[in-house]
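Chain by chain, the residues run as shown.
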Amino acid sequence: MTAPSPVHQRPMLEINRLEKRFGDTEVLKSIDLRVQPGELVFVIGPSGSGKSTMLRCCNRLEEPSAGTILLDGEHVTDCRGAALDRMRLKIGMVFQGFHLYPHKSVLDNVMLAQLRALKRPKAEAKARAMEMLSHVGLAHKADAMPSELSGGQQQRVAIARALALDPKVMLFDEPTSALDPELVGSVLKVMRQLRDEGMTMLVVSHEMGFAREAADRVVFMDGGVVVEAGPPEAIFGNPQSDRLKSFLARVSKAEE
Amino acid sequence: MGDFIDLFLNAEIMAKSWPLLLKGLGITAKLCAAVIGLGLAGGLMLSLGALSPRAWLKWPAIAFIDLFRAIPPLVLLVFVFSGLPFAGLDLTPFAAVVVAFFLNNSAYYAEVFRAGIQSVAKGQAEAARATGLSQAQAMVHVILPQAVRNVLPDLLSNTVEVVKLTSLASVVSLAELLYSANMARSVTYNSSPLVLAALIYLAILWPLVRLISRYQRGLAAH
Chain A
1 MTAPSPVHQR PMLEINRLEK RFGDTEVLKS IDLRVQPGEL VFVIGPSGSG
51 KSTMLRCCNR LEEPSAGTIL LDGEHVTDCR GAALDRMRLK IGMVFQGFHL
101 YPHKSVLDNV MLAQLRALKR PKAEAKARAM EMLSHVGLAH KADAMPSELS
151 GGQQQRVAIA RALALDPKVM LFDEPTSALD PELVGSVLKV MRQLRDEGMT
201 MLVVSHEMGF AREAADRVVF MDGGVVVEAG PPEAIFGNPQ SDRLKSFLAR
251 VSKAEE
Chain B
1 MGDFIDLFLN AEIMAKSWPL LLKGLGITAK LCAAVIGLGL AGGLMLSLGA
51 LSPRAWLKWP AIAFIDLFRA IPPLVLLVFV FSGLPFAGLD LTPFAAVVVA
101 FFLNNSAYYA EVFRAGIQSV AKGQAEAARA TGLSQAQAMV HVILPQAVRN
151 VLPDLLSNTV EVVKLTSLAS VVSLAELLYS ANMARSVTYN SSPLVLAALI
201 YLAILWPLVR LISRYQRGLA AH
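Residue numbers (the working numbering), protein chains in the order written: chain A, 1 to 256; chain B, 1 to 222.
Worth flagging that the hints you see were computed from the coordinates, not collected in a lab.
Label pairs and their calculated CB-CB ranges:
| no. | chain 1 | residue 1 | chain 2 | residue 2 | range |
| --- | --- | --- | --- | --- | --- |
| 1 | B | K164 | A | A144 | 41 to 49 Å |
| 2 | A | E182 | B | K164 | 52 to 60 Å |
| 3 | B | R69 | A | S30 | 45 to 53 Å |
| 4 | B | A121 | A | D143 | 18 to 26 Å |
With a cut-off of at most 25 Å between alpha-carbon atoms, the simulated PhoX-like pairs for lysine-lysine come out as follows:
| no. | chain 1 | residue 1 | chain 2 | residue 2 |
| --- | --- | --- | --- | --- |
| 5 | B | K122 | A | K90 |
| 6 | A | K122 | A | K90 |
| 7 | B | K122 | A | K104 |
| 8 | A | K189 | A | K90 |
These numbers come from a predicted model, not from an experiment. Backbone N, C-alpha and C fix where the C-beta goes; we use that ideal spot for every residue, glycine too.
Please model the complete structure; the sequences and the hints are all you need to start from.
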């Protein structure tokens, strides 16, 4: 199979001149970003650089101040009400804090939106939920409550919950930042598996090792702008801007 | 001592007044069912209104809650029963009590619900909305179940208050439990029916109060 030239392919996710202001504070200043189908794009940058805000604009948890966002050619930024709810079904999101529903079992967590938003019949939703749970290695925890799971397991359930809706793109907002170090690996393993299956992914994370090894492209943000973007070898091996160089120096110092 | 027992703990008079008090208890039960049911429903609506980002919903809801929490329920009841007829609204005693206590009680339930909804982490609503659930679906399936669980002791406490509150209905001659007991007292010139009424209130409310304490200890242990 020959890979189609990325230049002529329609991006799965397209962010054009995205701006976001909170009062007088400009958090995002004209961000442009394209994610091709099946691509894993990694966003790095210091805290306060606007990475999470950009991600949250993609499914409109944050309302952009200006700019457009398209998913597979469809406007995300124009959607209102029920149309926005339908659009969000196609955009999976995984949060730093997992946000599983504590009053529902693992299985019900993965079934809820399938039943209520996607209107899948119950048997089908259950089958799909079990399939996704075994995909993240947690089928045996289907009847457990979230509080009975480790952080890493909770995050994998959250991934299954998003995947069960058959999204076109998955957004990861610092998915491993709240985890104990020994649990990070299990979540990264699931993410790597997703990438290998061809899922389109936009990941905000501090896991530089994972970025180096699994990302197709790395985007460095600072002060609400994209400072530098490129393949991981270039970003980590041959940084151009001073801001990226000092950021990488700070990060590697912190990791020592 | 013999006089005291004769006047307050007279078994014969208690037995005689029992059927009357039982009838009163029936009215009290109906009042409670109406006021608690309407109050919970109204309180939930008011709390959602008070938390709404829409100003035309938010401010009237907050004004309603503040107003009816500030007015003493007895004043409200007398006004609804004796004042509204001048405005052409003539309510039966039962309806007047239900309306007055609904206004008072829904405002209290609203505050409890509001605290409950605000106690649920913001990430819960975001996770629900991110999976395509509508605002209403997120509220019903994700936020409210957690909110109610978080404030269950307060909801129950307020419910205990409502049951006690219904005894005020005696001022508009509604023959609920206290009114019936008082009637029996004035007929028999003996206070034992009042003691019996107190015992009935205790029998109903004590298990509820116990339940609340147990639940609060359970929450604290978590």
